[in-house]
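> Below are the chains, spelled out letter by letter.
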Amino acid sequence: MTSTAAKVSLIEFRPDDDWQHIVIADQEECRRCPDKNCLRVCPAGVFAWDNHPGHPVLVRYKQCVECGACRLACPQGAIEFSYPRGGYGVVFHQG
Amino acid sequence: MLNEWFKTKKPHKLPPRTQAASTAAAPRKYDAIVVGAGPSGASAACFMARDGLDVLLLERGPFPGAKTCGGAAVIAEQIHELFPNFWEECRYERIVTRLDYWWLNDDSAVTAGFTSGRLAAAPYNRLSVKRKNFYSWLAAKAVSAGATLLLGHTVDDVLLDHGRTVGVHVSPPQNTTFLADIVILADGANSLLAERAGLNSSVTAKNLSLYAKETIALPPETIEERFNLPPGQGAAIGLIGYPTAGFNGTGSIHLFRDGVNINAGMSVSDFAAGGFGPGDLLERIKKHPRIQPLLAGGVTAEYGAAMIPEGGYHAIPPLVHPGLLIAGDAASLVNGTQGINLAMWSGFYAAKAAFEAKKSRDFSARKLSLYRTLLDESFILQNMRANAKAAALQRDRPYLFDLYSRMANEAAYQMARAYPMPMNAKRKFIWHKVTSLQPVGKIAADLWQVLKVVKG
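Residue numbers (full-length UniProt numbering), protein chains in the order written: chain U, 1 to 95; chain R, 1 to 456.
Bear in mind the hints are in silico, worked out from the structure with no lab data behind them.
One should not assume that every hint holds.
Restraint ranges, calculated between C-beta atoms of paired labels, are given here [to be verified]:
#1 D106(R) / P34(U): 28 to 38 Å
#2 P53(U) / K433(R): 47 to 57 Å
#3 H80(R) / P53(U): 51 to 61 Å
#4 A6(U) / D362(R): 48 to 58 Å
#5 A25(U) / H169(R): 13 to 23 Å
From the structure, some residues in chain U lie toward chain R, with a derived Cβ separation under 7 Å [stated by the list, open to error]:
#6 S3
#7 T4
#8 G87
Here a beta-carbon is modelled for each residue, glycine too, at the ideal position from N, C-alpha and C.
All chains, full assembly: derive it from the sequences and hints.
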């Protein structure tokens, strides 16, 4: 199994439909950002961008594994990361 | 001395609380609230409850261990001191009797390891565990000691009153407040609570490492055959060099009963600089010709990722605040392969300090600083101090792991080959091969720096 999407599909998630725990408050920062570290550093592929300048960076928060690295890797400090509400989010079973 | 002091002290139980007439509006007040039911939080809750404190343990996952992952081997002897014969109660995966280090190159590996049947006797050296089983067992110990465990509760704020911590706020759906004299933060590597309260500024891309792991299911007999182990025994293998694509980082392999847990990672800042993620490293390492045959035919059971604080001794934030203590990963107490056991001991010391504070009804930072004193005198901080310069060394010389595993592999390869040339000429040839990778002067300088770190 090699693709991140296939691997992420193995993880159990309890997604919260009503509240998003990772947000990019200002997409303008992302438009200016030359690195977009979030696209590569995130182990679960939460951040997606279609390579069109001007298009926003998507946050697919429902597949977040809650490591918190995106917030530290973002050179603009534009990613607001908090933990999902109680009972929601990733559930690991295999240690 | 102080280290032994609480053991010699007479057991002292606080008198049972008289239940105050409950008013519906007032939030429930506890003696202590522990945020996070991982190894440090659950240990702290357990020892405080055993001392008679009224303890609330809050966990945001549906069960303890749901929110973190990574192959793990616990150091049994150190945990045995806290929870005697814990292996009889807790489900472990395998008894680790083989400890290996593999310095990998593109297609080869120089390995060093130790295997001994003596490690298979109690008290075991290391036991591999699944976090879910181990953490749940530990939290159950806290509950049976009298602590209240609430699952699915995410704490989003620490409540302060004139600079002193007085409780926590739980996010919706509960959206409620709990009060306590002491709050112990054990909320893990990415401790947002301490950071938000302005108590921890060392959570940075340099100090935090990101690891991705994959659990690959294989039948127990296949695992034992491939890793050359007797039934029930396991191995912990550290992977250095190739797995992290030129950066200083590590990978490791841990064996479960019916699966292989493989992981790789390095600091978040190196990932940002390198322009790839931990999942890429994991794919790279799985394809290595020495590793691929070990995993062949296995089915991926789970993928995941987690951060670990690897900033070392100098990244430890202030741990004692009025009414608040920080323990475990949140306190950056990780030392090489030691994490869970350090977390549990820090929880234990935090519990002892909390109990002393409760007895004297003094929750000031001065009183609670007993926690820091106990840590300072224990093996935890002494070991971390001994390793204090290692993190800086790895940062200053980011090529160390990769370069020296390359050199070791090159030297071993040339030595393994037999050339039609005289021995002396071959020795010269190998010397030139190796020193063409790094000049002698630089090797000596690196060696000197490493020796300085080892000497402390």
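> Can you list which hints this structure breaks, lowest number first?
Result: hint 6 breaks, nothing else.
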